[in-house]
Structures are given as structure tokens and as C-alpha cells.
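Engineer: One-letter residues, chain by chain:
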Amino acid sequence: MAERKGRIFIVTGIPGVGKTTVLDASLEAARASGSDEVLLVNYGTVMFEEAKSKGLVENRDQMRNLPSEVQREVQRLAAEKIAGMAKNKIVIVDTHMLIKTPEGFLPGIPIWVAEALCPNLFILVEAFPEEIAGRRSRDAARNRDLESVKDIDLHQQLCRSAAIACAEITGSTVKIIMNHDGKAEEAAAETVKLFKAFKR
Amino acid sequence: MAERKGRIFIVTGIPGVGKTTVLDASLEAARASGSDEVLLVNYGTVMFEEAKSKGLVENRDQMRNLPSEVQREVQRLAAEKIAGMAKNKIVIVDTHMLIKTPEGFLPGIPIWVAEALCPNLFILVEAFPEEIAGRRSRDAARNRDLESVKDIDLHQQLCRSAAIACAEITGSTVKIIMNHDGKAEEAAAETVKLFKAFKR
Amino acid sequence: MAERKGRIFIVTGIPGVGKTTVLDASLEAARASGSDEVLLVNYGTVMFEEAKSKGLVENRDQMRNLPSEVQREVQRLAAEKIAGMAKNKIVIVDTHMLIKTPEGFLPGIPIWVAEALCPNLFILVEAFPEEIAGRRSRDAARNRDLESVKDIDLHQQLCRSAAIACAEITGSTVKIIMNHDGKAEEAAAETVKLFKAFKR
Chain A
4 MAERKGRIFI
14 VTGIPGVGKT
24 TVLDASLEAA
34 RASGSDEVLL
44 VNYGTVMFEE
54 AKSKGLVENR
64 DQMRNLPSEV
74 QREVQRLAAE
84 KIAGMAKNKI
94 VIVDTHMLIK
104 TPEGFLPGIP
114 IWVAEALCPN
124 LFILVEAFPE
134 EIAGRRSRDA
144 ARNRDLESVK
154 DIDLHQQLCR
164 SAAIACAEIT
174 GSTVKIIMNH
184 DGKAEEAAAE
194 TVKLFKAFKR
Chain B
4 MAERKGRIFI
14 VTGIPGVGKT
24 TVLDASLEAA
34 RASGSDEVLL
44 VNYGTVMFEE
54 AKSKGLVENR
64 DQMRNLPSEV
74 QREVQRLAAE
84 KIAGMAKNKI
94 VIVDTHMLIK
104 TPEGFLPGIP
114 IWVAEALCPN
124 LFILVEAFPE
134 EIAGRRSRDA
144 ARNRDLESVK
154 DIDLHQQLCR
164 SAAIACAEIT
174 GSTVKIIMNH
184 DGKAEEAAAE
194 TVKLFKAFKR
Chain C
4 MAERKGRIFI
14 VTGIPGVGKT
24 TVLDASLEAA
34 RASGSDEVLL
44 VNYGTVMFEE
54 AKSKGLVENR
64 DQMRNLPSEV
74 QREVQRLAAE
84 KIAGMAKNKI
94 VIVDTHMLIK
104 TPEGFLPGIP
114 IWVAEALCPN
124 LFILVEAFPE
134 EIAGRRSRDA
144 ARNRDLESVK
154 DIDLHQQLCR
164 SAAIACAEIT
174 GSTVKIIMNH
184 DGKAEEAAAE
194 TVKLFKAFKR
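Chains as they are written, first to last, in this note's numbering: chain A, 4 to 203; chain B, 4 to 203; chain C, 4 to 203.
Zero decoy hints are in this set.
All copies of an identical chain are treated as equivalent in the list; a pair is satisfied when it fits inside any one copy or across any two copies.
In silico SDA-like pairs for lysine to any residue, Cα to Cα no more than 25 Å straight-line: (1) K8 to N68; (2) K92 to E53; (3) K186 to T104; (4) K199 to R67; (5) K196 to E72; (6) K202 to P105; (7) K103 to E76.
Because the hints were derived from the structure by calculation, they are not lab data.
Go ahead and model the full structure; you've got the sequences and the hints to work with.
Structural biologist: Okay, here's the thing in C-alpha cells:
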């Protein structure tokens, strides 16, 4: 049985859903209103720092060239490091449920990460596929491949399945937060409310 | 590899789907037709009895105030107790696949429960979301929050994912039983047929 | 953490999706173009051979009469045998994600098989439910029960959930390959491209 390490919230969302906007706004609100210290960590960044400190890479581009066994080990070490941070702080983990690669959907939170983190909650930030397609097409600077509305819908559907599989492993709850166009403040408010709902 | 304990059938369904009606009718039919002894247990009740016998609570309302680690341990003990009942009886477990809480969907059958029970079959009692919405709105006495048809559909969809994740862990089959308006007898008959299909 | 054994690709698809056609064409193309040795194994056949070599059965029909514990053990032994083949060859495993039985959907790749194989990739060969229904109705020779388009859609949806649950356990990617009417060559070409994408 996976064990809780403290208060850990995993926040995921597919590209273009506005996860960062929601996270920043909710973090600000959480810090403004609460006494508990809140820490926001980006899972990819912690992985890179672990790999760098072990002399495995010098820059982030080298991460994808690590042998898959090494990548998995670094992924596990990052999970343990983040779990350690939760001893005296609320930790919000910014990561991906499923990363869309040319070779298929890759789990961002495989079982060994889910177990090591054992979060209180998995949050799926979602929006209507049409909204996400619209945001991506306006977001030319980040040069994302334009996916069809149907592909975006599939990606979100599979992320739900992945979140439920993770929850089965850890016993955590799964919450979908809708981030509709022009409603990021509402999404952030709902997210902060969740952070407060879990006393431990 | 999870091990079979005997004949265990887990029956789940979201509020308003008519799970109890189907269970009562199928239990009656199973007992009338068969020689094997059939036992119906409510998972929540077994959990409460376990907690009470350990002096952790005095009434059911106190269950939700137990620390989450204690809740999980009680949940696991209940699973082992139910598995023990399956040595000489067919055990039908009335429980929830995913409980909808304000903090998100909570797995009713996390991995440690699924493994301890290792059932032959997970049954999802379902109905059209519109039927469930109709039943809930007529069922004023139980004072349920009225959810949209879309939310009901989501809840059922996620329960399917949870059932499949459980089945992956235990190797059990997953069966959807449709309980359409006015067709509880048919649903019960289909359920009884399933109980009989598993010889062990 | 499940460990990679070599290059293993699991290819699944529900009856009528044209999995065999895609597999045969992709295998031919892979062998024609590549230097690595490629092995195609049928999971059910390996299971039968394991059971036969242990004196448990004499013909395939007897497989379904084995006690479920024995079936599961044979299933696990077959997974280990296939994992062993991957030491010096690319192994493509032809199997089912969820087998539709009268008693419900049975996982073809439960957790102990997923962990023993720990494939690079789970491929779901899919088609529109209408296409699959059409192919099945024309394929009278194999005498398949005719399912509704809705049932076919459900089967494919649940297979996606099962694939995601497997991927959570192994960290493998999940890829959907569409095998539309008259487009088996395209599906095969896409499949071969995937085989080549994983260097190990």
C-alpha cells in the first residue's frame, strides 16, 4: 500500500490547456490566503537537476538521449526528492499525465512515480478540445504542431484513463478542473479550494 | 500475481443507477435456484464493523474523520475479512468503483483492495445518463445533489476506466449490466447468470 | 520498476480490425528493409506450447478447461519465454488487450504479463466501429457473432483504458494505428516506422 508523504498535489494538463496560467494564479492565491508554505515544482526540472548533479547531462536537451533505464531511474529519484520536500510544505507538482510523442503516448506518471509521490490528488486541467485548438493556433510563438480537435479530445480522454489508473495505485482522488476561455480565475479559485480541502 | 480466494463478485454502480434493486432481485433469484450459499456484503458496512471492533469509531459518521492512513488500513482489513468469507460461500460485494466527493473521484477499490479480494468479476451496473438523472430527480427523499447528464456520463465513463485498471491488476473480467427503466428484472436475470457462469 | 528485456512490441486489435493483415505486411516490410532479425509470436500459441510441454493439455481446446490458477501460471510462463526471445531479436507479440467473453471483458495482458514483457510499445490497431462491423458481416466464414456498432465502439474504448493501465505499469508508450478500409498498407508502413523508432 502506497504511503502518503505529506500534502502533494499533482497538476497536469495537455499543451494549450492553460495549466501554467491556472497554476500561477492558484499559487498566488494560496500564498496570499494561507499560512502553510506552498512549493511549486516542475517535475521535468527536478529530473534535469537530478541528472545534472549525477554528472549524467550538462543541459536539458541531453535528457532525451539518456538510455531509457537511466531516464527511469532519474525519474524515480526525482519523485523521491519531491516526496522529501513534502515533509514540511505543501508541494504542487507541475507535470504531464501522458506526453504525446511520435512513438505514442508516454506516461508522465508511471507506477513507480505515482507510488513514490503518493499524492493526495491528481488534478486534470481540461478545456473543450475546440478551445485548446484555438489557443494553440493563436500561440504561434511556441510552434506547436497543430492537432485536430479529435486528436486533442483523444489526448484528454487518455489522460483521464491514466489518472484513474494512477489513483487506483495510490488511492488518491482525481479532479477535473475546467479552464474555459476567459475563466482562468475561476479555475484557479477552484484549484486553491482543493489545496485547502486536504488537511493532510 | 493476485490469487483467487473463492468465488467473489464485486458489484458497483453510481448513485441512482438502481444497483440495490438489481442486487436484491438477483440475490433472491440466485438463492431460489442454486444450491450454493450466497452471501451479500456491503463493503462500507464491513469497514465500519472492522473499525468499531478495533475501538476506532462508535458510529458511521466518525468513519470519515479517521486519518487517511487508518482509513486505508481499515479498508484493507475489510477486504481480507471478505476474502475469508469466500472460502465456503459465493460472496457478492456491494461497493463503489469511484466515489464522487467535492475533492474529486475517490477509488472505492484501490489496488490493495482489488488484490486482497481478487474477484472473479467486476460488474458495472449502468443506465443511460438521462435515466439516472430522471431517477435522481424523482428520488427527492435521499436529497442527492442534482448533477447534469454530462456529469453523470463522466462518472460512468471514469468508473469503466477504474474497473479496467482493477481487472489489469487481478486478471478478473469486467461486465457492464444495463439497468434500463422498467427492466430491473432483466438486469437481475443477467446478473444471476453471471454468478452461475463462474464455477470457481 | 519493470525492466526492459530488449525490443518488444505488443500489437493488439479487436476481431475484425484487420490486425493480422497489418502485422503480416509490416513484418514483411520490416524484414525487407532492416538488418535486425524480427520475430512475430502469437501469445496464445506460446501459451499453448508451454501448457503442452508441461503435459497439461494435448490440444488447444483443452486450454480453456484448465483451472484459472493454472491458466494464469501458463500465461506468466509464456510471457517469460517471449521476454527471453528478445535478447537478440526484435519481438512482435500478436495478442489481445481485452477478450470479449460471455462473462465480460477479460484482460489479455494482466499486470504479471505486462511486467514480464515490459514492452517498448503497446500498439492498438483500430478502425471506425462501422468499418469493423462491415468487415465482420462480410467475414461470414469465421462465424463471428454480429455485434452492434455501439458494442464494437465500447470494446475499443475499453481496450484503450486497458492499454493505458498497462503503460502505467511498464512505462511503455501507447500508439493507436488506424487501419481504415483499403488502407492496410498505410497502417503497415506506420507500424514499421514505429518498430524502427525504438533503438532499444
